[in-house]
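Enquirer: Work out the full structure, taking the sequences as your base and the hints as a guide.
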Amino acid sequence: MVRPLSNLRSFATNIIKSFFQKMGLYLQYYNPSNSETALISYLLNKYDIKTIIDIGANEGQFALKLINNNNYNNKIISFEPVSSAYQSLLKNSKIKQEWVAINSAVGDIEGTLPINVSLNSVSSSLRKVKSHTIEAESGTAILKTETVPINTLDNLLKQVKWEKDIWLKIDVQGFEREVIRGAIETLKIARVVQIELAVIPSYEQSPYLEEIIAELRTFGFTLYSIMSGFRNYETGQMFEVEGFFIREI
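Each residue of the sequence shown is one higher than the one before, counting from 1 in the UniProt record's numbering.
Hints were generated in silico from the structure; no laboratory data involved.
The hints are all genuine.
Derived DSBU-like pairs: lysine-lysine, alpha-carbon spacing no greater than 35 Å straight-line:
(1) Lys50 - Lys158
(2) Lys144 - Lys130
(3) Lys161 - Lys94
(4) Lys164 - Lys91
(5) Lys94 - Lys50
(6) Lys46 - Lys164
(7) Lys65 - Lys94
(8) Lys91 - Lys50
(9) Lys144 - Lys94
(10) Lys46 - Lys161
(11) Lys96 - Lys164
(12) Lys188 - Lys158
(13) Lys130 - Lys91
(14) Lys130 - Lys188
(15) Lys91 - Lys144
(16) Lys164 - Lys94
(17) Lys75 - Lys91
(18) Lys164 - Lys65
(19) Lys144 - Lys128
(20) Lys128 - Lys65
(21) Lys50 - Lys96
(22) Lys65 - Lys161
(23) Lys50 - Lys161
(24) Lys50 - Lys75
(25) Lys46 - Lys188
(26) Lys188 - Lys164
(27) Lys46 - Lys65
(28) Lys75 - Lys164
(29) Lys50 - Lys164
(30) Lys188 - Lys96
(31) Lys65 - Lys50
(32) Lys75 - Lys158
(33) Lys75 - Lys46
Expert: Pasting the structure below:
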(Lines of atoms letter the chains of each structure in order from A; the text may use other names.)
(Lines give C-alpha, C1' and ligand atoms only; values in the text may rest on other atoms or scores of the structure.)
Protein backbone atom coordinates (compact mmCIF):
# COMPACT_ATOMS: atom_id res chain seq x y z
CA MET A 1 0.00 0.00 0.00
CA VAL A 2 1.28 3.45 -0.91
CA ARG A 3 1.27 5.88 2.03
CA PRO A 4 0.76 9.64 1.46
CA LEU A 5 3.96 11.64 2.01
CA SER A 6 2.49 13.39 5.07
CA ASN A 7 1.69 10.01 6.65
CA LEU A 8 5.21 8.76 5.97
CA ARG A 9 6.68 11.83 7.65
CA SER A 10 4.42 11.31 10.66
CA PHE A 11 5.34 7.62 10.79
CA ALA A 12 9.05 8.41 10.63
CA THR A 13 8.71 11.12 13.25
CA ASN A 14 6.99 8.74 15.67
CA ILE A 15 9.74 6.15 15.21
CA ILE A 16 12.43 8.74 15.90
CA LYS A 17 10.58 10.08 18.96
CA SER A 18 10.13 6.55 20.30
CA PHE A 19 13.86 5.89 19.85
CA PHE A 20 14.85 8.97 21.84
CA GLN A 21 12.21 8.33 24.55
CA LYS A 22 13.71 4.91 25.25
CA MET A 23 16.93 6.76 26.13
CA GLY A 24 15.06 9.18 28.40
CA LEU A 25 15.05 12.02 25.86
CA TYR A 26 12.14 13.94 24.38
CA LEU A 27 12.19 15.22 20.79
CA GLN A 28 10.06 18.23 19.84
CA TYR A 29 9.79 20.81 17.08
CA TYR A 30 11.89 23.95 17.36
CA ASN A 31 9.59 26.99 17.49
CA PRO A 32 8.70 29.88 19.87
CA SER A 33 6.08 27.80 21.66
CA ASN A 34 8.52 25.21 22.98
CA SER A 35 12.03 26.66 22.62
CA GLU A 36 13.30 29.57 24.70
CA THR A 37 15.99 30.28 22.10
CA ALA A 38 13.37 30.47 19.33
CA LEU A 39 11.08 32.64 21.47
CA ILE A 40 13.89 35.07 22.25
CA SER A 41 14.83 35.32 18.57
CA TYR A 42 11.21 36.04 17.64
CA LEU A 43 10.80 38.78 20.27
CA LEU A 44 14.19 40.34 19.54
CA ASN A 45 13.18 40.78 15.92
CA LYS A 46 9.56 41.76 16.56
CA TYR A 47 10.46 44.59 18.93
CA ASP A 48 13.73 45.52 17.22
CA ILE A 49 15.60 45.40 20.52
CA LYS A 50 18.57 47.77 20.67
CA THR A 51 19.70 47.21 24.28
CA ILE A 52 19.73 44.13 26.49
CA ILE A 53 19.96 44.84 30.23
CA ASP A 54 21.10 41.67 31.99
CA ILE A 55 20.63 41.90 35.77
CA GLY A 56 22.25 39.03 37.63
CA ALA A 57 24.51 38.15 34.73
CA ASN A 58 26.84 35.78 36.62
CA GLU A 59 29.63 35.03 34.11
CA GLY A 60 27.65 36.29 31.11
CA GLN A 61 26.02 33.02 30.05
CA PHE A 62 22.82 34.72 28.88
CA ALA A 63 24.65 37.30 26.78
CA LEU A 64 26.88 34.65 25.23
CA LYS A 65 23.80 32.67 24.18
CA LEU A 66 22.30 35.81 22.64
CA ILE A 67 25.45 36.40 20.63
CA ASN A 68 26.09 32.78 19.61
CA ASN A 69 22.55 31.38 19.27
CA ASN A 70 20.43 34.43 18.48
CA ASN A 71 22.94 36.42 16.38
CA TYR A 72 22.35 39.47 18.57
CA ASN A 73 24.74 42.32 17.72
CA ASN A 74 23.42 45.34 19.62
CA LYS A 75 24.14 46.78 23.08
CA ILE A 76 24.39 44.55 26.18
CA ILE A 77 24.70 45.92 29.72
CA SER A 78 25.41 43.21 32.31
CA PHE A 79 25.26 43.61 36.10
CA GLU A 80 26.88 41.12 38.46
CA PRO A 81 27.68 41.71 42.16
CA VAL A 82 29.73 38.61 43.13
CA SER A 83 33.43 39.41 42.67
CA SER A 84 34.59 36.05 41.25
CA ALA A 85 31.68 35.82 38.80
CA TYR A 86 32.20 39.44 37.78
CA GLN A 87 35.83 38.79 36.84
CA SER A 88 34.70 36.03 34.47
CA LEU A 89 31.92 38.29 33.15
CA LEU A 90 34.40 41.07 32.49
CA LYS A 91 36.66 38.68 30.57
CA ASN A 92 33.77 37.34 28.50
CA SER A 93 32.48 40.83 27.72
CA LYS A 94 35.74 41.65 25.93
CA ILE A 95 34.59 39.64 22.91
CA LYS A 96 32.10 42.34 21.99
CA GLN A 97 32.70 46.10 21.93
CA GLU A 98 29.04 46.86 22.67
CA TRP A 99 28.99 44.66 25.79
CA VAL A 100 29.45 46.51 29.10
CA ALA A 101 30.00 44.72 32.44
CA ILE A 102 29.24 46.48 35.74
CA ASN A 103 30.14 45.14 39.19
CA SER A 104 26.98 45.87 41.18
CA ALA A 105 23.84 44.36 42.60
CA VAL A 106 20.58 45.98 41.49
CA GLY A 107 17.73 46.84 43.86
CA ASP A 108 15.81 49.73 45.39
CA ILE A 109 18.57 51.29 47.52
CA GLU A 110 22.07 52.72 47.09
CA GLY A 111 24.84 51.38 49.32
CA THR A 112 26.20 47.93 50.17
CA LEU A 113 24.64 44.62 51.22
CA PRO A 114 25.89 41.12 52.11
CA ILE A 115 25.29 38.52 49.44
CA ASN A 116 25.15 34.75 49.93
CA VAL A 117 27.53 33.15 47.43
CA SER A 118 26.31 29.70 46.41
CA LEU A 119 28.36 26.62 45.62
CA ASN A 120 27.31 26.77 41.98
CA SER A 121 27.71 30.59 41.80
CA VAL A 122 24.61 31.11 39.61
CA SER A 123 22.30 30.72 42.62
CA SER A 124 24.00 33.43 44.70
CA SER A 125 21.41 35.67 46.32
CA LEU A 126 20.83 38.65 48.57
CA ARG A 127 18.22 36.39 50.17
CA LYS A 128 18.74 33.25 52.25
CA VAL A 129 18.11 30.04 50.33
CA LYS A 130 15.32 27.74 51.56
CA SER A 131 15.89 24.11 52.52
CA HIS A 132 13.64 22.67 49.77
CA THR A 133 15.78 24.50 47.20
CA ILE A 134 18.96 22.85 48.46
CA GLU A 135 17.20 19.47 48.48
CA ALA A 136 16.34 19.93 44.80
CA GLU A 137 19.77 21.29 43.83
CA SER A 138 22.68 20.93 46.27
CA GLY A 139 24.67 23.56 44.39
CA THR A 140 22.36 26.28 45.74
CA ALA A 141 23.80 25.84 49.27
CA ILE A 142 25.65 28.87 50.65
CA LEU A 143 29.44 28.71 50.38
CA LYS A 144 30.28 32.10 51.88
CA THR A 145 29.08 35.70 52.10
CA GLU A 146 30.65 38.88 50.78
CA THR A 147 29.70 42.54 50.83
CA VAL A 148 28.73 43.97 47.45
CA PRO A 149 27.70 47.39 46.10
CA ILE A 150 24.03 47.92 45.25
CA ASN A 151 22.15 50.63 43.40
CA THR A 152 18.90 51.15 41.54
CA LEU A 153 18.72 50.35 37.85
CA ASP A 154 17.52 53.88 37.11
CA ASN A 155 20.68 55.28 38.73
CA LEU A 156 23.05 52.74 37.20
CA LEU A 157 21.83 53.37 33.66
CA LYS A 158 22.84 57.02 34.00
CA GLN A 159 26.45 55.83 33.95
CA VAL A 160 26.36 54.13 30.54
CA LYS A 161 25.11 54.74 27.03
CA TRP A 162 22.14 52.76 25.79
CA GLU A 163 19.44 52.88 23.12
CA LYS A 164 15.76 52.09 22.91
CA ASP A 165 14.18 49.58 22.61
CA ILE A 166 15.08 47.78 25.84
CA TRP A 167 14.92 44.12 26.82
CA LEU A 168 15.16 43.79 30.61
CA LYS A 169 16.29 40.38 31.88
CA ILE A 170 16.05 39.91 35.66
CA ASP A 171 17.71 36.86 37.23
CA VAL A 172 18.22 37.84 40.87
CA GLN A 173 17.24 34.80 42.94
CA GLY A 174 14.34 36.18 44.96
CA PHE A 175 15.22 39.90 44.79
CA GLU A 176 12.84 40.65 41.90
CA ARG A 177 10.53 42.95 43.88
CA GLU A 178 13.38 45.28 44.83
CA VAL A 179 14.77 45.41 41.28
CA ILE A 180 11.38 46.45 39.90
CA ARG A 181 10.94 49.15 42.54
CA GLY A 182 14.29 50.65 41.63
CA ALA A 183 13.57 50.57 37.88
CA ILE A 184 10.50 52.82 37.64
CA GLU A 185 11.80 55.01 34.79
CA THR A 186 13.40 52.12 32.93
CA LEU A 187 10.21 50.06 32.96
CA LYS A 188 8.31 52.96 31.42
CA ILE A 189 10.36 52.58 28.24
CA ALA A 190 11.24 48.86 28.22
CA ARG A 191 9.51 46.65 25.64
CA VAL A 192 10.28 43.16 26.95
CA VAL A 193 10.88 41.88 30.49
CA GLN A 194 12.28 38.40 31.06
CA ILE A 195 12.09 37.41 34.72
CA GLU A 196 12.04 34.39 37.02
CA LEU A 197 8.61 33.78 38.55
CA ALA A 198 8.29 31.79 41.76
CA VAL A 199 5.56 29.17 41.96
CA ILE A 200 7.07 28.35 45.36
CA PRO A 201 9.80 30.84 46.39
CA SER A 202 13.28 29.31 46.57
CA TYR A 203 14.54 32.09 48.83
CA GLU A 204 13.26 33.69 52.03
CA GLN A 205 11.17 36.92 51.77
CA SER A 206 10.81 36.42 48.03
CA PRO A 207 7.67 37.23 46.01
CA TYR A 208 5.28 34.73 44.48
CA LEU A 209 4.64 34.95 40.75
CA GLU A 210 1.21 36.57 41.29
CA GLU A 211 2.84 39.61 42.90
CA ILE A 212 5.35 40.12 40.10
CA ILE A 213 2.69 39.71 37.40
CA ALA A 214 0.52 42.33 39.12
CA GLU A 215 3.49 44.67 39.64
CA LEU A 216 4.53 44.55 35.99
CA ARG A 217 0.92 45.00 34.89
CA THR A 218 0.95 48.47 36.49
CA PHE A 219 3.67 49.41 33.98
CA GLY A 220 1.60 48.15 31.05
CA PHE A 221 3.25 44.74 30.68
CA THR A 222 1.31 41.65 29.65
CA LEU A 223 2.49 38.12 30.38
CA TYR A 224 3.35 36.79 26.92
CA SER A 225 4.84 33.36 27.55
CA ILE A 226 6.11 31.02 30.25
CA MET A 227 8.98 28.61 29.82
CA SER A 228 9.95 25.77 32.13
CA GLY A 229 12.42 26.60 34.87
CA PHE A 230 13.73 25.21 38.17
CA ARG A 231 12.11 22.10 39.63
CA ASN A 232 12.83 19.11 41.80
CA TYR A 233 13.50 16.40 39.21
CA GLU A 234 13.00 13.64 41.74
CA THR A 235 9.44 14.69 42.60
CA GLY A 236 8.51 16.76 39.53
CA GLN A 237 7.49 19.74 41.67
CA MET A 238 8.00 23.09 39.94
CA PHE A 239 9.51 25.95 41.94
CA GLU A 240 10.26 28.61 39.33
CA VAL A 241 9.36 29.37 35.72
CA GLU A 242 10.76 31.86 33.24
CA GLY A 243 8.25 34.59 32.40
CA PHE A 244 8.32 36.77 29.28
CA PHE A 245 6.34 40.04 29.39
CA ILE A 246 5.73 42.55 26.60
CA ARG A 247 4.62 46.17 26.60
CA GLU A 248 2.96 47.44 23.47
CA ILE A 249 3.29 51.14 22.65
